[in-house]
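Asks: Go ahead and model the full structure; you've got the sequences and the hints to work with.
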Amino acid sequence: MPYMRQSELEARAGADSVARAIGGRVRHGRNSRGWTLDQLAERSGVSRRMLVSIEQGSANPSIATLLLISDALGIGLPALVDMDRSPWLRVTRTGRAPVLWRGKFGGQAVLVAGTEPPDVTELWDWTLGPGESHSSPAHAAGTRELLLVLDGQVEVRAGQHAEILATGDSASFAGDLPHGYVNASSAQVARFALTVFEPGVGPGSRSEATDV
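Counting along the sequence shown from 1, when you hit position 64 you're at 78 in the working numbering, and nothing is skipped either side.
Think of the hints as simulated: they come from the structure by calculation, not from any bench. We put the beta carbon where it would ideally sit given N, CA and C, even for glycine. Treat the hints with care, since some could be wrong.
[Stated by the list, open to error] Label-pair distances were calculated between CB atoms; the ranges are:
| # | residue 1 | residue 2 | range |
| --- | --- | --- | --- |
| 1 | Ser-184 | Pro-132 | 35 to 45 Å |
| 2 | His-175 | Thr-209 | 38 to 48 Å |
| 3 | Glu-177 | Val-105 | 14 to 24 Å |
| 4 | Thr-181 | Asp-52 | 40 to 50 Å |
| 5 | Asp-133 | Arg-110 | 22 to 32 Å |
| 6 | Pro-192 | Gly-145 | 35 to 45 Å |
| 7 | Thr-129 | Asp-52 | 26 to 36 Å |
| 8 | Asp-30 | Pro-144 | 21 to 31 Å |
Replies: Right under this line is the structure:
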């Protein structure tokens, strides 16, 4: 195995822990409904092979894939990945929130908080390294997103529209269109807070394409 820095080892260990937790929740949700893997695959649109890998904790599924599975199970993304399930007050300490996307240049998407279905709100902490971007397929009808740039500049794309936001700028846009976030800087890291509101989460509520 090539040499890895301590920070890289810790990141890998954290990713493995999240993958195992997600796999266990997917398996529990499927079994509690009496579904086979084939039935969950049919309901979610995620391949059986991918579902097997996720339940085993050996896959690194995209955010879009996790959304399809969580909606098919009717639980919403936060419930699928949240490590703290306290019903009254949920506190996520620094470094404990699940990282659900990692970019090639140091970027990451961290789901720091979320609410229960049927109307799910997600709070994300996003970082994009220099030259990094992330694209998302359209979410369910009625999904809205709110974005606040904390550092650097972020180009927000929603459908055919695009705007460059500087530090302190904010935007709201439709999440039920293909959308994405771009850091066009060649030197500066960009960071932004993102809130996603998804109404009516549950089986059959999503219609977006996915990158499974």
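Asks: Quick check: which numbered hints come out false for this structure?
Replies: Violated hints (numbers, rising): 1, 2, 3, 6; every other hint is consistent with the structure.
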